[in-house]
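Q: What follows is each chain in one-letter form.
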Amino acid sequence: MNIFPLVAVGVSTLNSSNDLLDVRYHLILNEDQELLNTLNIDNPGFNSLYSMASGEENNEFFESISNTLSVTSRQKLIFHKIDKDVPISNICDAYLKLYLLSLKVSKPNSINLENIFGSLANVAWTNLGPVDVKDLNLFRSRNGEVFVRSVDKFPCLTDYIIPEGVRIADSSRVRLGAHLSEGTTVMHEGFVNFNAGTLGSAMIEGRISAGVIIGKNSDLGGGCSTMGTLSGGNEVKISVGEDCLLGANSGLGIPLGNRCILEAGLYLTGGSKVEILNSKNEMIETVKASTLSGKDDLLFIRNSLTGAIQCKPNGKSVVLNETLHKND
Amino acid sequence: MNIFPLVAVGVSTLNSSNDLLDVRYHLILNEDQELLNTLNIDNPGFNSLYSMASGEENNEFFESISNTLSVTSRQKLIFHKIDKDVPISNICDAYLKLYLLSLKVSKPNSINLENIFGSLANVAWTNLGPVDVKDLNLFRSRNGEVFVRSVDKFPCLTDYIIPEGVRIADSSRVRLGAHLSEGTTVMHEGFVNFNAGTLGSAMIEGRISAGVIIGKNSDLGGGCSTMGTLSGGNEVKISVGEDCLLGANSGLGIPLGNRCILEAGLYLTGGSKVEILNSKNEMIETVKASTLSGKDDLLFIRNSLTGAIQCKPNGKSVVLNETLHKND
Amino acid sequence: MNIFPLVAVGVSTLNSSNDLLDVRYHLILNEDQELLNTLNIDNPGFNSLYSMASGEENNEFFESISNTLSVTSRQKLIFHKIDKDVPISNICDAYLKLYLLSLKVSKPNSINLENIFGSLANVAWTNLGPVDVKDLNLFRSRNGEVFVRSVDKFPCLTDYIIPEGVRIADSSRVRLGAHLSEGTTVMHEGFVNFNAGTLGSAMIEGRISAGVIIGKNSDLGGGCSTMGTLSGGNEVKISVGEDCLLGANSGLGIPLGNRCILEAGLYLTGGSKVEILNSKNEMIETVKASTLSGKDDLLFIRNSLTGAIQCKPNGKSVVLNETLHKND
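Residue numbers (the working numbering), protein chains in the order written: chain A, 77 to 404; chain B, 77 to 404; chain C, 77 to 404.
These aren't lab readings, by the way, just hints derived from the structure by calculation. Check the hints yourself; a few may be wrong.
Note that the list lumps identical chains together, so a pair holds whenever it fits in one copy or between two copies.
[Said to hold, decoys possible] Derived lysine to aspartate or glutamate pairs resembling EDC-like cross-links, with alpha carbons at most 16 angstroms apart:
#1 K371 <-> E318
#2 K313 <-> E110
#3 K180 <-> D404
#4 K388 <-> D373
#5 K313 <-> D159
#6 K183 <-> E351
#7 K364 <-> E190
Remember, it's a predicted structure, so these values are computed and weren't measured experimentally.
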């Protein structure tokens, strides 16, 4: 689905040199044609960093929006347009694409995020909002103690948007750009990177790396790992199908189909050799794990006597505990 | 020990529709018979959600308690009585039982917590107290930036009670309802769920799941996992005896006796087959791990040449580093 | 390099009994001889806990420094001198040595930290600064809601100093006393204890225990463990050379040389027996892992069919993703 061109309204916090530190978007304007006309977005000059030139501060229209969005003196109102889904070229692009992911307008891996690291500023995220690391001492001397939650290019999701029907036990561990579906619980040991997330109810006590998608009704056990593609050299996008269970402290290096189980403590990489057993526990053949990518109904264990990684048909089905997922 | 009936005084924060978001209890009143008479708790109507009806705000007695507890305009004074240890029926029950666990009046698994998920509200826990997720935008526009630590049904222990002689390196990772004994240190990678905890000095760098109890002088290494009973299908309550060591990144799926060691990186599930060796390293038999539940003086390793999980008599004793545990 | 004697200026927050809770140092004064003369540091009485006696509050010189450092009414200006690198004898020593480590004046394991646990106070670290756990209720009744990030002897690095060119995704997980070099990114699952850190660019998604040093251009995968020497009984200091990769959920119990790889999910302890293979995958001998300490170009895996830990020559080189490390 092509969602571009698209215009959004947001508020950016500035550092002491008036550089943008972030953009907190509030509205997508594609529907409001009257407003789009007012903004004159068809003017080829519109897609600049932000359209609110200093002369416009007296404009009644902008002023009323600024009031609604509670724009403070260290902030600026932003109107930003993305015409086409090309690589990210500035911080307004970057935050808008992260916002679209967390708003669930876009699915992970469906929009172009190239150059996102180069477009984001490294910011001290505090209880008083984003602060440039260089400004922090000055900021503290003016505002008293400041709590620094993070020094990072990406902010936490909950500072920007809290999706409905979701629990996030430690909000430091979910980045803006995470795609969390209703009924998702991210426990304390869970983690969700940007451009990653869940497609339905899910219990997340492990780490969802950038680019990784988890199907509905799946359960990632405490401390489990999913291989990402940003670092580590892995080139295959990892995903988990529906009704799957990754045991505690396990790890996944191939895409899984539906109704698969990975035993607690087992790290399955794409290159692992795996013994294939039939339902009578007879060994049939030995294959590389990557050849099992995307197949349904598999149970992966390490035989506790021979040490071999084995794969057999999965008879059990995973049932999420419903009371844990009614997040209202 | 039957501690009920029991009356407690607390303060609840309300959302914009006057629903209770939490209850921060301050006192257990069982001893103070005069006060109990004043409250008329034998009146069968007492055990309602909260006794302070609107007309009572001018009551001098309630007013003085409100002042002592610094009750603000978005809060309400609560007197709550639990008659018998039956399933939880409302948020006041739920917070009182969590409080009793963290106050160490009740041990984990000793009180009825049925229906706790259904009785708790999903709340945004902020540096300005609990806020209904639906009220957050309004709350921000009134109070400026707000730091959201968590969006969850359970709050952090340290917002309610800080047990004596305890260190908690990252307070986001210990829920109200955790039972932490003096001399317990929960490091950054440690985690303690509600209805779980320690019975004496302990070094916790791994995860204590709901229902799991750790004996005194035991050490849970970094990132280790203990299987819980809330999700994952395990039905046996896991526990760790005294003087035990769970190595870093290990995992435990059976109850352990005293003086047991689980090697770093080894995940022992109840169904794992285990080779039993004698003190001369001779193999005696092969058993399911669950048959070793609760036995003392065992060392579990994975043989690094054969890949087999093995169990032998544990000669070494675990000694906690005392300087790390004097938490004064 | 001997950096002592050395004088530093800082600010300490006090509890309600006027005990020091911490010291936030701002300047090392060794260069400023004029100031040192003013302070009369050669006076044998100087090295007391702090030099600013009550009578000196009217001293113009001290007052101007107090203003610069925004010393509040619950704080005190501190001048502290360490003459020689002997065991820590008080909280001013302790914080100064932690500061020197994080300022990268001292490398981990290069200064005497004996008695540091006994010298530090267990403090509630809040968004309004350090508070004595015993004062917390009083403090809350005066200041309203207070966010407690941690109850610990060590504070978070970012409350004291933010090194240049560093990202720390969850600041709760890096203690003051961590030594983070430019180009280091500590992700959400990363952790860095005091007296530990990196010597160059590094991607840290695992745990750097006290005493552990990571060489430049190395990558610690999500949830990986490095054995520390504080607890657990290990006596060998663990380190990681340059251009190394520790896979996700792996663990390291020996010092590694350069260009080594530890497979995801593999825990290598010093006592593990390891099969040595040549570049043709032929088994040569079996050795204890500790005999491989510090050797370069090794790849450690667990054979997924035999369960044996194996070591072979490492052909691949690890290349950090540069865009993730430009932390400006």
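Q: With reference to the structure, classify each hint as holding or not holding.
A: Each hint tested on the structure:
no., hint, verdict
1, K371 <-> E318, "within (12 angstroms within a copy, 39 angstroms between copies)"
2, K313 <-> E110, "neither (42 angstroms within a copy, 62 angstroms between copies)"
3, K180 <-> D404, "neither (19 angstroms within a copy, 29 angstroms between copies)"
4, K388 <-> D373, "within (9 angstroms within a copy, 35 angstroms between copies)"
5, K313 <-> D159, "neither (27 angstroms within a copy, 55 angstroms between copies)"
6, K183 <-> E351, "neither (35 angstroms within a copy, 45 angstroms between copies)"
7, K364 <-> E190, "neither (31 angstroms within a copy, 46 angstroms between copies)"
Taken one by one, the earlier hints fail for this structure at numbers 2, 3, 5, 6 and 7, listed in ascending order.
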